[in-house]
Amino acid sequence: MSDVLIKKRILKDHLAKLIILAISIIVVVPLVLILGYLIINGLASINLDFITNIPKPVGETGGGILNAILGSGIIILTALILFVPLGIGGGIYVSEFSDTLLSRILRLSIDVLQGTPSIVIGIFTWVICVVPMGRFSALSGSLALGVMVLPIVLKSTEETLKLIPMELREAATALGVPYYRVVLKVVVPAGLKGIASGVLLGTTRISGETAPLLFTAFGNPYMSFNILKPMSSLPLVIYVYATSPYDEWHKLAWGASLILILLVFGINMAARIFFSRRDGR
Amino acid sequence: MNNEVIIDKIFKGSLRAVGLVLLGIPLLLLGVMFFYSLPSIKAFGFRFIVGQTWDPVKGMYGGLPFLVGTLLTSLIALVISFPFSFSTALLLSEYLEGGILANMLKSAIELLAGIPSVIYGFWGLIVLVPLLRKLEMTMGIPPYGVSIFGASIILSIMIIPYASTMSREVMRLVPGDIKEAAYSLGGTHWEVIKRVVIPTSRSGIFAGILLALGRALGETMAVTMIIGNKNQLTFNVFEPGNTMASVIANEFTEASDTLYLSSLIELGLLLFVVTAIINFLGRKIIERYEIKGDDGALLNE
Amino acid sequence: MKESVLFERVILGSTEEAKDIILQLVNLSAYFCESRIVKNINLAIEKNKVTSIMGPSGCGKTTLIRCINRMHEMSPGGTTKGEILLYGKDINNMNAIEVRKKIGMVFQRPNPFPTMTIYENVIAGFILNGIRLPKNIMDEIVEDSLSKAALWDEVKHNLGKRGIYLSGGQQQRLCIARALAMKPDVLLLDEPTSALDPKATAKIEELIVQLKESVTILIVTHNIAQAARVSDNTAFLYLGELVEYEPTKKLFTIPRDKRTEEYLTGKYG
Chain Z
1 MSDVLIKKRI LKDHLAKLII LAISIIVVVP LVLILGYLII NGLASINLDF
51 ITNIPKPVGE TGGGILNAIL GSGIIILTAL ILFVPLGIGG GIYVSEFSDT
101 LLSRILRLSI DVLQGTPSIV IGIFTWVICV VPMGRFSALS GSLALGVMVL
151 PIVLKSTEET LKLIPMELRE AATALGVPYY RVVLKVVVPA GLKGIASGVL
201 LGTTRISGET APLLFTAFGN PYMSFNILKP MSSLPLVIYV YATSPYDEWH
251 KLAWGASLIL ILLVFGINMA ARIFFSRRDG R
Chain F
1 MNNEVIIDKI FKGSLRAVGL VLLGIPLLLL GVMFFYSLPS IKAFGFRFIV
51 GQTWDPVKGM YGGLPFLVGT LLTSLIALVI SFPFSFSTAL LLSEYLEGGI
101 LANMLKSAIE LLAGIPSVIY GFWGLIVLVP LLRKLEMTMG IPPYGVSIFG
151 ASIILSIMII PYASTMSREV MRLVPGDIKE AAYSLGGTHW EVIKRVVIPT
201 SRSGIFAGIL LALGRALGET MAVTMIIGNK NQLTFNVFEP GNTMASVIAN
251 EFTEASDTLY LSSLIELGLL LFVVTAIINF LGRKIIERYE IKGDDGALLN
301 E
Chain L
1 MKESVLFERV ILGSTEEAKD IILQLVNLSA YFCESRIVKN INLAIEKNKV
51 TSIMGPSGCG KTTLIRCINR MHEMSPGGTT KGEILLYGKD INNMNAIEVR
101 KKIGMVFQRP NPFPTMTIYE NVIAGFILNG IRLPKNIMDE IVEDSLSKAA
151 LWDEVKHNLG KRGIYLSGGQ QQRLCIARAL AMKPDVLLLD EPTSALDPKA
201 TAKIEELIVQ LKESVTILIV THNIAQAARV SDNTAFLYLG ELVEYEPTKK
251 LFTIPRDKRT EEYLTGKYG
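Read top to bottom, the protein sequences are chains Z, F and L.
All letters in the first sequence, in the order written, are residues 1 to 281 by the working numbering.
All letters in the second sequence, in the order written, are residues 1 to 301 by the working numbering.
All letters in the third sequence, in the order written, are residues 1 to 269 by the working numbering.
Treat the hints as calculated values from the structure; they're not laboratory data.
Here are the computed distance ranges between Cβ atoms for each label pair:
| no. | chain 1 | residue 1 | chain 2 | residue 2 | range |
| --- | --- | --- | --- | --- | --- |
| 1 | Z | LYS56 | F | GLY140 | 40 to 46 Å |
| 2 | Z | GLY36 | F | GLY140 | 28 to 34 Å |
| 3 | F | LEU28 | L | ARG36 | 44 to 50 Å |
| 4 | F | LEU28 | Z | ILE273 | 35 to 41 Å |
| 5 | Z | ARG135 | F | SER107 | 39 to 45 Å |
| 6 | Z | ILE51 | F | MET139 | 41 to 47 Å |
| 7 | L | ARG36 | F | SER107 | 52 to 58 Å |
| 8 | Z | LEU228 | F | ILE41 | 31 to 37 Å |
| 9 | F | GLN232 | Z | PHE225 | 39 to 45 Å |
| 10 | F | SER14 | L | ASP257 | 51 to 57 Å |
These numbers were taken from a predicted model, which means no experiment stands behind them.
Glycine included, C-beta positions come from ideal geometry on N, C-alpha and C.
One chain only, chain Z, in its complex shape (with noise of 0.2 Å):
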């Protein structure tokens, strides 16, 4: 081998290295750009206003966007209320019977459901829901949602539980405690940070979701509690607003767009630190 040959492939390695550096870096471009004008218009849109009032009418400067800012959590909060324990429900069976039938069965059920495009969620619950009732409503929006959320929280669950050492499990039963107190009381609990940051990181994939809600939730321009009717959501207004070709409102799509980020984010952050935490087990 000579010299000039074993030159020419360290070159080609640093090359190499360097091109990898290179595109990889490229990758934050969209990142910085997207972020940087989320905050910069997002900010200049937010003000004390902007959170306590519902919007004006067309033509109307001025207005908030409180009624989304409500009709999203509520929306949110009734998805996880319903389908959280059917997830973690689901968890405990398919980590507790590992190798039966509906346990293999369902895995492979809520992988294709996790993967299911949310616009077909839309539609799904679109049937089973807004057709029996005759109207749009948040709870059918909360239906879509908690679909969406439950695959997430049924295999976190799994993950969590997986880990449990066997040795805890042995101990609580050779104390005479029954099987479903094992589970309760020593299983579950001991993986309970994980669920919780399961449940934590489904709530962020959910919060920012649009599709489902179209026609579901609808959307309402007016404050709404009641759960049977069209309710408001920060990721219906942001779309609204922001594919209509009035500024004024596109304003108002960028603050809104910030708040929603900032909530994603926000929770994100919070279950990534439970995550972290998890090994101190």
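Given chain Z's structure and the hints, the job is docking chains F and L onto it.
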């Protein structure tokens, strides 16, 4: 004490019941989608897939423009995003062992995954579309701005995290001893990557691409806002178009008659089946790797 | 009639005085799926004595004692055949939960509940079973159990601390206290010192000898010296079969079976 035995039985029974209920959800989804698609399936049959005309006024519903639109946007997005997801995966698994740069890049990728679709769409509409319009003007083609290409660019940014995280996990699983063996034979870092790391993790990288494709096919809001919503078959990526997801998002609440609605739902059914197959294949490939740990969290979202 | 015959058969070489038998294994076999790990064991355990079960690793000794509090059936594919009589009653006809309260167990690795304090760990059996007791009674149980486990003096000022912050040896004694708190008739120890250093081991061994006044102890060990030091009777298990069961002194001085002799002289390692 018999009480405890009974409660144990009830407990196990109710866990099973929850499992059965959850199993029912995707089955019900498939069932109702199919049921609501029946009028359209009966009316058009196979012509629904090859028909080029989508005209609610005449009651003609052919889905080909949307199938083509979906495939075009997704494939272009994959092609654009691949170098980026691949490079970040290599950088994070092979070159950087922790450190500020690695953490920054990881966080950036996580943040990209966390930005809601509607915000991508909004940003694309305000920032990207005017840019494209200028570009199109200098190229001397009709400056639509909103176009299949624009939607693809936004999509490509959105799917980078999925392909990147998956590839990184798989590359990290390449056993250290075979890498060391390659080094001991005098390979440079790049040669080890090229001859050992990439070949060993190839099918995992492919699975990552499949999962990203599954995402791209079903992505709705950002695409709807940027693609231009034109129901005409086109292969020119600088023209407006529509995807299956975006046409549903746009027209579902306007669909007045049964056949119109049924046709939209059949598009949804097709989308569901295609993404389910792609995700299934991707997951089957990944299962062989048994990815674990914190970074798998992103994939579970 | 049947029982008296059994007595003679199982308590070898000890016909001169009547024994106080608490636990009796009759034709006990244990399986994992198809394979038989424990083969036709007959064994009578004397009350308030320490009985050790020794043998090379993989001889089925852990499986054997896991049958005795019905933990074996929890393992995937684990089944048993034969009878296990506690005071003459077959535990397989009793409620498994009841059995485990009467027959406590301490495991190879210390396994205190990580989220519980020392205090809570001791009364974990009550907490987890949803049994509420008045504070003074709980305090009494905690002090009594920790004292019996020779841990009281070391932790009495730190009862509110998490159990996992104790040293390995202390954790294991905490686990013993946890088992004692349920006032079991029999205490099963599954190689309780295998994860501990020599000093902590010595302390546990000392404790075992003290404990037999209040509870019958069955200890599994692959440490010959440990069996010799702590136990009154010793059973030698080899490839799932009971080779020999004698008072410890006798077994260690004049083993009847060639295999026992070979094991004691280090042929099986």
